[in-house]
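Enquirer: Just so you know, the protein sequences line up as chains A and Z, in that order.
When the first sequence is numbered by our numbering, its final residue is 138 and no position is left out of the sequence of numbers.
When the second sequence is numbered by our numbering, its final residue is 1151 and no position is left out of the sequence of numbers.
Treat the hints as calculated values from the structure; they're not laboratory data.
Among the hints, erroneous ones may be present.
[Stated by the list, open to error] Straight-line Cα separation of at most 20 Å, DMTMM-like style, residue types lysine to aspartate or glutamate; simulated pairs:
| # | chain 1 | residue 1 | chain 2 | residue 2 |
| --- | --- | --- | --- | --- |
| 1 | A | K87 | Z | D1058 |
| 2 | Z | K1030 | A | E108 |
| 3 | Z | K1108 | Z | E1139 |
| 4 | A | K87 | Z | E1118 |
| 5 | Z | K1051 | Z | E1070 |
| 6 | Z | K1030 | A | E106 |
| 7 | A | K36 | A | E127 |
| 8 | A | K57 | A | D75 |
| 9 | Z | K1068 | A | E108 |
| 10 | Z | K1086 | Z | E1105 |
| 11 | Z | K1030 | Z | D1058 |
| 12 | A | K109 | Z | E1031 |
| 13 | A | K57 | A | E127 |
| 14 | A | K25 | A | D103 |
| 15 | Z | K1086 | Z | E1139 |
| 16 | Z | K1068 | A | E122 |
| 17 | A | K62 | Z | D1058 |
| 18 | Z | K1134 | Z | E1031 |
| 19 | A | K87 | Z | E1031 |
| 20 | Z | K1030 | A | D103 |
| 21 | Z | K1098 | Z | E1050 |
| 22 | Z | K1108 | Z | E1118 |
| 23 | A | K61 | Z | D1058 |
| 24 | A | K109 | Z | E1070 |
| 25 | Z | K1151 | Z | E1139 |
| 26 | A | K109 | Z | E1072 |
| 27 | A | K36 | A | D46 |
| 28 | A | K18 | A | E51 |
| 29 | A | K109 | Z | D1058 |
| 30 | A | K109 | A | E127 |
| 31 | Z | K1068 | A | D103 |
| 32 | A | K87 | Z | D1133 |
| 33 | A | K87 | Z | E1115 |
| 34 | Z | K1068 | A | E106 |
[As the list claims (entries may be wrong)] Chain Z stretches covered by chain A per the calculated footprint, using a threshold of three residues with CB under 8 Å from any CB of chain A:
| # | stretch |
| --- | --- |
| 35 | 1035-1046 |
| 36 | 1056-1067 |
All figures in this text were calculated on a predicted structure; none of them were measured in a lab.
Here a beta-carbon is modelled for each residue, glycine too, at the ideal position from N, C-alpha and C.
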Amino acid sequence: MKKTLCFILLALTLSHAKEFNAPMKAYMEGLNAEAKATNPNFTGFDAKRGEALFFSKHTGKKGTEMSCVTCHSNDLKKGGQNINTNKPITALAPSVNVTRLTDVAEVEKWLRRNFNDVFAREGTALEKGDVLTYIITQ
Amino acid sequence: MKKILLMTALGLSVAFAGSVAPANNAQYQKECASCHFGYQPALLNKVSWEKVMTNLSDHFGTDASLGKVESEQILNYLVTNAGSGKITANNTTMQITKSPYFIKEHRKITPNLIEQKEVGSLANCMACHTTADKGSYSERAIVIPNYGSWK
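Required output: the full structure, derived from the provided sequences and hints.
Expert: Structure, rendered in C-alpha cells:
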C-alpha cells in the first residue's frame, strides 16, 4: 500500500516536471555559489524576481527597447517569434516543451546571447539563476 | 573526356536552373537555422562566410556567438561548400541580398511585396520561394503572399 502511494506520488512529480535534471542542477549550484560569492546576503534564487526580469524592458544591443517577451511572447506556454527574422520560436515552458532547460550548453549559449541582445551586457549569476528558476516553473 | 563533358554540362545546368545544393549539415541547421532561414553555403563565397563567422557576437546587430569548436566546424562546412561564379560574383559583403546577381534577380520585386508582414525582408527566402529549403529557387516555385505566382 505504502509502495503504491509512493509510486503515485513519484508519477505525479514526474508528470509535472518542475525540477531540473542532474546536469542542470549542477549548473544551478554553480550559479548559486557565484551569486553567494558576489553577495554574502544572497539566500537563493527566486521565481518572482526572475519573472520581473523576464518582463522588464531594456535598451538592447540594437539600441531599441526590448525585453525577453519581445521574442518569447507574454505566455511561455505558447511559441514566440524572432523579432528580426520572423522565424517562429518554440515554447519556453518545460511543461509544454520537454526539451527546454535540459542541455546545459544550450542554456548557457542562449543566456549569453539573449542577455546581450536584451540588456546589452551579459547576465549576472543572480539574474541567470532567477530567470531559470522562473522558467522551470512554467 | 566524355565524363568531363557530362560533368561540365551537369554543372552548367545546375548553375542555370536556380538551384544550389541544400544545406544538409545538421550542426549548421541547429545553430544557424534556429533563428533564420538556413541559407545554402553556395549563396556566399568563401571570403564572405569567413567574415560572417568571425563576427558572430555582432551578427547583424544581435549576438549569435558560438563555442569555439562549433564555430570552427561550421566555418569549415561553409567554406568547403561556398559558392563561386555568378551567384556570388562581386559580393564582398556578408549579405546574400547585397550580391549584384541577387539584386538583378529581384529588381522587379516592388517594396510593397517585401514590406508586407508575411515577408518582412528579402532575407526571408521561404516567404516566396516555396522550395528554397530544398535549394531550389526556380521561378515556377515562387508564390508571393497576397500576390500569387510570379509571372
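Enquirer: Checking against the hints above, which ones are violated?
Expert: No numbers; nothing is violated.
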